[in-house]
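Keeping the supplied structure of chain A fixed, place chains B, C and D with the ligands upon it in accordance with the hints.
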Amino acid sequence: MTVTDQPAAASATRRLTTAKAISEAIAQEMERDPDVFVMGEDVAAYGGIFGSTTGLLDQFGPTRIIDTPISETGFIGAGIGAAVEGMRPVVELMFVDFFGVCMDQIYNHMAKIHYESGGHVTVPMVLMTAVGGGYSDGAQHSQCLWGTFAHLPGLKVVVPSNPYDAKGLMTAAIRDDNPVLYMFHKGVMGLPWMAKNPRSIGPVPAESYEVPIGKAAVARPGRDVTVVSLSLSLQHCLDVADELVGEGLEAEVIDLRSVVPLDRGAILESVGRTGKIVVVDEDYRSFGLSGEIAATIAESDPGLLRAPFTRVAYPDVPVPYARPLEYEVLPTHRRIREAIVSVAGR
Amino acid sequence: MTVTDQPAAASATRRLTTAKAISEAIAQEMERDPDVFVMGEDVAAYGGIFGSTTGLLDQFGPTRIIDTPISETGFIGAGIGAAVEGMRPVVELMFVDFFGVCMDQIYNHMAKIHYESGGHVTVPMVLMTAVGGGYSDGAQHSQCLWGTFAHLPGLKVVVPSNPYDAKGLMTAAIRDDNPVLYMFHKGVMGLPWMAKNPRSIGPVPAESYEVPIGKAAVARPGRDVTVVSLSLSLQHCLDVADELVGEGLEAEVIDLRSVVPLDRGAILESVGRTGKIVVVDEDYRSFGLSGEIAATIAESDPGLLRAPFTRVAYPDVPVPYARPLEYEVLPTHRRIREAIVSVAGR
Amino acid sequence: MDDELRRGFYRQMVRIRTYEEAIRADYHADKTPAWDIGAGLIPGEMHLSAGQEPVAVGLCAHLTADDGLTAPHRPHHLALAKGVDMRKMTAEIYGRETGLSHGKGGHMHLFDPSQHFSCSGIIAEGIPVAVGQALAFHRRGTTNIAVAVAGEGAANQGAFHESLNLASLWKLPVVFVIEDNDWAISVARTASTSVPSNATRAAAYGVAGERVEGNDVEAVYQAAGRAVARARAGEGPTLLEVHTVRLWGHFEGDAQAYRGDELAVAESHDPIPAYEAKLRADGVLDDATVEAVRAEAATEVADAIAFAKSSPEPSPASAYQHVFV
Amino acid sequence: MDDELRRGFYRQMVRIRTYEEAIRADYHADKTPAWDIGAGLIPGEMHLSAGQEPVAVGLCAHLTADDGLTAPHRPHHLALAKGVDMRKMTAEIYGRETGLSHGKGGHMHLFDPSQHFSCSGIIAEGIPVAVGQALAFHRRGTTNIAVAVAGEGAANQGAFHESLNLASLWKLPVVFVIEDNDWAISVARTASTSVPSNATRAAAYGVAGERVEGNDVEAVYQAAGRAVARARAGEGPTLLEVHTVRLWGHFEGDAQAYRGDELAVAESHDPIPAYEAKLRADGVLDDATVEAVRAEAATEVADAIAFAKSSPEPSPASAYQHVFV
Ligand SMILES: Cc1ncc(C[n+]2csc(CCOP(=O)(O)OP(=O)(O)O)c2C)c(N)n1
Ligand SMILES: Cc1ncc(C[n+]2csc(CCOP(=O)(O)OP(=O)(O)O)c2C)c(N)n1
Ligand SMILES: [Mg+2]
Ligand SMILES: [Mg+2]
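If you read the sequences in order, they're chains A, B, C and D. Under this note's numbering, the first residue of the first sequence is numbered 1, with each subsequent residue one higher. Under this note's numbering, the first residue of the second sequence is numbered 347, with each subsequent residue one higher. Under this note's numbering, the first residue of the third sequence is numbered 693, with each subsequent residue one higher. Under this note's numbering, the first residue of the fourth sequence is numbered 1018, with each subsequent residue one higher.
Here chain A stands alone, though its shape is the one from the complex (with noise of 0.2 Å):
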């Protein structure tokens, strides 16, 4: 695991949103391969909810971006069907907390498709998918789940926590002949309708480039506690981060970018010098993924750790409405803080 997949200072100077980097990933590899289409809810005219679709109607026309019905088992299953004939469709599920009214195609068919044939039949299909809290959308509209899709087999999940990482993930999704789940979070799209984090605009490279998949990033190198995390709880990380360098204190900060593959090996290289982890992590904080991350660990050597396995994810409650509520539960930058501070032994 290297930084050396970051943009290099020169090669990009446009600065764009995470959701023009991905609709511009998308476009790009529409015009390289005319079996590339979109399909989902208001991916037309609308142009994705969260923008990850805008302006693609008006390049290729309703051919080639399809809006549907509300019928998330027909279309994405059409969509499971149309790549196991080659197609290579990239379906947008408008917000992954309705992932339980289509959920068998997802897991029954889009991710065992492959194997229950024995390797003969490929579906190369993006599924991508807002994720993500903060702004009130209540219990059935601010979820993560990517613990969720990463516990059953045969889907690659992506996460992306800024543009760059976002148009080479997806770029590299759209490529790959697995089938992928692509989660962005509302929060680093940098939508001009929501509060955002400077960090969700940032340089992206003209030309098209993939970021691999299943390879995490040292965002931000430390020597005092390594701080894992990914999606939109990364900018907060880097944000704390670079607050506690007046401090004297040195946190090395992870970014997954890939839940499945977890890059295991980055996680306990860190670790291994640090010696001490926290996890941030927006999903919910039991049976998910801090909890596999503390398994790496234990599993390669309970020793590596010098103090206890510290988590700041969300506790299992359901997603509250009303701010107070859902800002108490939410990894803010005030519990990283605490968090991180507390396993340095400040």
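Please note that a few of the clues may not be correct.
[Claimed, not checked] What follows is a set of in silico ranges between Cβ atoms, one per label pair, in the way DEER data are often shown:
(1) His961(C) - Arg334(A): 47 to 55 Å
(2) Asp404(B) - Ala1246(D): 21 to 29 Å
(3) Arg360(B) - Glu269(A): 19 to 27 Å
(4) Val245(A) - Glu593(B): 38 to 46 Å
(5) Ser1332(D) - Glu593(B): 28 to 36 Å
(6) Asp301(A) - Tyr1337(D): 19 to 27 Å
(7) Val1282(D) - Val1017(C): 46 to 54 Å
(8) Ala1319(D) - Glu553(B): 53 to 61 Å
(9) Ser208(A) - Glu959(C): 42 to 50 Å
(10) Tyr1012(C) - Gly691(B): 40 to 48 Å
(11) Ser208(A) - Val1017(C): 27 to 35 Å
(12) Ala1323(D) - Glu31(A): 52 to 60 Å
(13) Trp539(B) - Leu1280(D): 15 to 23 Å
(14) Ser1332(D) - Glu589(B): 22 to 30 Å
Hint data in this document are derived by calculation from the structure and do not stem from the laboratory. Quick caveat, the model's predicted, so the values are computed rather than measured. We put the beta carbon where it would ideally sit given N, CA and C, even for glycine.
Coordinates of chains B, C and D with the ligands only, in the frame set by chain A:
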């Protein structure tokens, strides 16, 4: 966590299969409470594909034991609506592998309504479902998936390993005002048409009783290694533990019985004594139950473990059909034995 | 039709519109200059029902507090017409401790057990829950019924199909109401639905089906009356589609560029002025009554909003409560 | 109808029945004395299609290798009629390395890309996949079509509804075939379906609908011909229901107590002797041909089973392959 809720030698001379213990618990609750009724596919004349409702139609008739169309979203949703109105439905999802066609009702409604309503609405419903493999039923009919449900807040998740607990947990589940997911492994039901472990038939008191949800049991005390398991795997663990006594190795076998709430105290208490743990879990290895147990220990004190955390779980592959393939990936007697012996350092 | 009844329809429609105009104003009031969906007195998504009042009013006139109703993500008109307490509902939308759910639910998750009223933000997934309420009412031998309300976009979701088949098979007292406002966010009904009328789909379940054109509260009242009567009489479910209109955006902040000229046409079909004119023409309404109705609505809404604003926010610690009983 | 065609129907039905009788024998051969579903040459669930041969044969006579077909949990008759290689399919059912999926799939998961054939063990969930195959064929401007086959029980699952709406909306070349064998395991169609004929449901999607009574291969052939022609001509989908019969249990080992007298009636409606008698009466079949057809089928089936039995089992290590490409 104690073993006091195991059957006292005297109190139970009758021996029942787990399937019969479950249907008896349902029958006794139906006699107690007219609001209890049963819905699902093939629960009436057929008596449940895995025998969970055998005999109930004769006793209670078709108005309380109701066969449904193959419309899981429809009838599970109907169960939720009936529960919201104060009924206490026991609804069967034939195989947990089918959850994808009805997950929205389960996790966005059954699990969340109480929270979303600020505690004003309760959903006293039991969703029971068959889990597990080992008989070549393939990738869509053999999974455990308790980790998937445990990750999502709002559902209690119970997983019995023997007839005594099966009856007591079903009684407790029906009386619980919370939604409960009751997962029975086909291999523990004691079915006449499936190979079974003798432990699938055991003493069950005739009178009604509860086994507390959220309380693990020390199925077998021991000093050398803590073995944490559940469901069918628990039976294998006990077999292995009995065998190892001859070799002077005393494994302490903990039966979780519930995944939510997880009895973290029981795990920590035992590991605190043995310093060594093997988690045996037929659910997928990554991002699930076994990882959460590692996190529980590492959060409490990574120093507790004097040997690497060890899991005997389902590797992250879909369930293959052919016997030699399936038995390669199942948590078999052989794999469990090897893991315990190696962790014990023998 | 009785004058008092007609004036009542008008009063209820004005009450709902007055409410939503006030919510709309407060929703946008403090999101500027940099408009932020998560900011302000009322954060999050906001789906208002302006134009669809005739559906809620004509339908709920037949329901008692003991009848059930499951509403979709766009629930305010239905909640108010059904009898949900305006103060508690408003406090919930403002995220206050005094709200229906103590601030845990929000505008897409209004729960009022005293009215057997609930919502779901998942398209069509409130429908099976209504079937279950009807199942409970039926098993207990009451004459209560349950109503499932969803948009025309929801009628292409599997839950719609399963629920209709189940309710018909078991002859349950359910009325399925489809609010056809021609749009599912930016997707026109012609781009989502393979048949011109969802009433056609009733035949697929052997139930009565009816489509009401014109967005007329009296026509809705009559059709809903037939459906409710069938349900109460044990004659099983009805599928009722009402062609209505979405006057505003899908949610607040929706620029609606996708609507083009249709928007102006829609706006010219506001059912409330139309109904007011009709009642005036029939001599059922005069200036004084109209004034009184508006004043009454304004007062009630102002009171509810004042109640919400003056109520405390929930304590952060309460976020951990109510996961389990 | 052409004699050779009719003899071909007979030949194919006999071939399928001969195959399933052999599978059935081997399935039970070594599960005794203590019958164990997981034991023996063929472990796991086994859903055989005896009685339903007319559906597969009448339908697949119109399909080429390049047309798609998604089958449900009861797939053998469809796979064989579609042209899936009998040896590889048998090896898969016996869990051998030479099987279609190297033993990973089993009898509910037969995949043959060369025939664009696949199965799913999840009720109705194979249907949307066929819609997607049709979408691909359509986008590529071919005249290939996709067929989705499911049981009458599956027609009450949401995926059925969503798929029909989508295929109709997009005018895709799909034929939806419902095999109505009166039962969904132990649940009679009258206890699962609110309408007597699923063909009625075609109206809910604005597509052509037809129900074939009598379980007659020639009637199926004609109705399927009309449906396939419509699809190839770009006239959109058809919903075709065939009233057929389930001669054996839902799966092997099913005692079928729930069927009562109906079982004997069903058994008296075996379509193969009936069709044989008809062809004999019409002078299209004689003893010699019947003998030859049976002998030919027996030889092919014996060869396929011998191939399977003599094939190696997959290596345990291969269980870890094919999760990802
Ligand atoms: C299962 C599911 N899919 C998608 C959405 C996102 N969504 C929310 S409202 C909406 C449009 C609903 O249209 P319609 O049913 O016609 O109701 P309307 O908004 O017009 O009142 C969509 C697609 C959702 N909430 N649930
Ligand atoms: C979603 C789902 N629910 C339930 C099942 C269990 N199941 C397997 S076959 C079957 C009956 C299917 O009946 P039908 O569709 O009529 O097909 P048939 O078996 O009669 O050929 C059921 C309920 C399943 N496989 N998938
Ligand atoms: Mg609409
Ligand atoms: Mg059937």
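How the hints compare with the structure:
1. In this structure the hint that His961(C) and Arg334(A) lie 47 to 55 Å apart at CB holds, the actual value being about 50 Å.
2. The hint said 21 to 29 Å for the Cβ distance between Asp404(B) and Ala1246(D), and at roughly 52 Å that hint is violated.
3. Under the hint 19 to 27 Å, the C-beta atoms of Arg360(B) and Glu269(A), about 58 Å apart, miss the expected range.
4. A C-beta distance of roughly 55 Å is found between Val245(A) and Glu593(B), which places it outside the suggested range of 38 to 46 Å.
5. At about 31 Å, the CB distance of Ser1332(D) to Glu593(B) agrees with the hint of 28 to 36 Å.
6. At roughly 24 Å, the beta-carbon separation of Asp301(A) and Tyr1337(D) lies within the given 19 to 27 Å, and the hint holds.
7. Checked against the hint of 46 to 54 Å, the pair Val1282(D) and Val1017(C) passes, with Cβ atoms roughly 51 Å apart.
8. For Ala1319(D) and Glu553(B), the hinted distance range of 53 to 61 Å is satisfied, since their beta carbons lie about 59 Å from each other.
9. Checked against the hint of 42 to 50 Å, the C-beta distance between Ser208(A) and Glu959(C) comes to roughly 44 Å, which is consistent with it.
10. Taking 40 to 48 Å as the suggested C-beta distance range, the pair Tyr1012(C) and Gly691(B) conforms, at roughly 42 Å.
11. Between Ser208(A) and Val1017(C) the Cβ separation comes to about 54 Å, which falls outside the hinted range of 27 to 35 Å.
12. The hinted range of 52 to 60 Å is satisfied by Ala1323(D) and Glu31(A), whose Cβ atoms lie roughly 53 Å apart.
13. Trp539(B) and Leu1280(D) have their C-beta atoms about 20 Å apart, which keeps the hinted 15 to 23 Å range intact.
14. As the Cβ distance of Ser1332(D) to Glu589(B) is approximately 28 Å, the hint placing it in 22 to 30 Å holds.
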